[in-house]
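Visitor: Sequence:
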Amino acid sequence: MKNLNYLRKFVFLFIIIGIISSCNNDDDNTTIKPDPLNIVETAQSVPELSILVDAVVQAGLVDALSASGDKTVLAPTNAAFTDFLADKGFNSLSEVPNDVLTQILLNHVIAGANIESSALIGTSGYTNTLADGPNSTKLSLYFDGTSGVTFNGSASVAIADVETSNGIVHVIDRVIDLPTIATFATTNPALSILVDALVYADSGTPTVPYIDTVSDETAGPFTVFAPTNDAFVSLLAELEVNALTDIPTSTVDAVLLNHIVSGANVQSNQLTSGTVTTLGGDITADATLFTLTDANGRVSNIVTALVDIQGTNGVVHVIDKVILPAQ
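Numbered per mature numbering (1 follows the signal peptide of the UniProt record, and there is no 0), the sequence shown spans residues -25 to -1, 1 to 302.
These aren't lab readings, by the way, just hints derived from the structure by calculation. Don't take every hint at face value.
Unchecked claim - Restraint ranges, calculated between C-beta atoms of paired labels, are given here:
| hint | residue 1 | residue 2 | range |
| --- | --- | --- | --- |
| 1 | T98 | S41 | 26 to 32 Å |
| 2 | D45 | N276 | 47 to 53 Å |
| 3 | L254 | V32 | 42 to 48 Å |
| 4 | A270 | N66 | 51 to 57 Å |
| 5 | N271 | T57 | 49 to 55 Å |
| 6 | S178 | T279 | 19 to 25 Å |
| 7 | E70 | T226 | 44 to 50 Å |
By construction, the Cβ of each residue, glycine as well, lies at the ideal position given by its N, Cα and C atoms.
Build the full structure now, drawing on both the sequences and the hints.
Guide: Written as structure tokens, this is what we have:
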């Protein structure tokens, strides 16, 4: 907390100096305006971002982050990097492989937009970073501005809206790790019952260890159709039970398998009409109506605003009805 207070004071002082420097400094009323600093130069001017600067240099991203063009950068503090290195078992930044470090850093960059904190407050949703996912995709980032502003459920904004010549910087208190399917399932409150179902199925004898599998960066790729909480509530009413725990774990296992396509990272624009083979059997997709029909003729709508949620091990599309196996 002491470091963050210091950082806030430093950034405030930096802004004040910029304002003073831009005031009239001549008898003929000529306004002297210093060239604004770019993202890298701004980070270099803040001692509490020195490890970030070292990481950018090590990864060879100085030119990319200094280039013109709108971008939003989430900048972890030194304390955030220290915690990240310890969590990953690294003694120093130099021990992190450059390819890994590059993707971690790119996971903090949103290209093409200067996103101010005011655009995030009171909302939640997904955007994409510059980090690479399977099949030339870009990884998703979940933001939640309903109570402060957090990213992927872990990093909170400590200092917002630091303006630079080529973008906006938000200082954050944690390094944002590369997301998996599990990241997006566990951070979005609208998918909490799905997570409960995965955990409950794991408590029995599951066909696959669900939580471990969707948390594994090296697994997959998978395409997951993720039912909302409302979809699960409707299912309980349809089955005339009060809770998931009223259903045998083997049945929940069989249901979950129908939501997973293994070995394919299918984005929404790649979905074609016809048979889709899941781990639990065949379902039918309609790429025009954007629906999935299970073996019982039950139709689930793919939620168009919540598709292509991309993790390292697969992609998630949110649906409004639970898919059931043939009965």
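Visitor: For every hint, state whether the structure bears it out.
Guide: Hint-by-hint comparison with the structure:
Take T98 and S41: their Cβ atoms lie about 30 Å apart, and the range 26 to 32 Å holds. Remark: the range hint 47 to 53 Å for D45 to N276 is contradicted by a beta-carbon distance near 34 Å. For L254 and V32, the Cβ-Cβ distance of about 44 Å falls inside the hinted range of 42 to 48 Å, so the restraint holds. At about 53 Å, the CB distance of A270 to N66 agrees with the hint of 51 to 57 Å.
The beta-carbon spacing between N271 and T57, approximately 53 Å, falls within the hinted interval of 49 to 55 Å. At roughly 34 Å, the beta-carbon separation of S178 and T279 lies outside the given 19 to 25 Å, and the hint is violated. Here the CB-CB span from E70 to T226 is close to 47 Å, well matched to the stated 44 to 50 Å.
Violated hints, in rising order: 2 and 6; the structure is consistent with all others.
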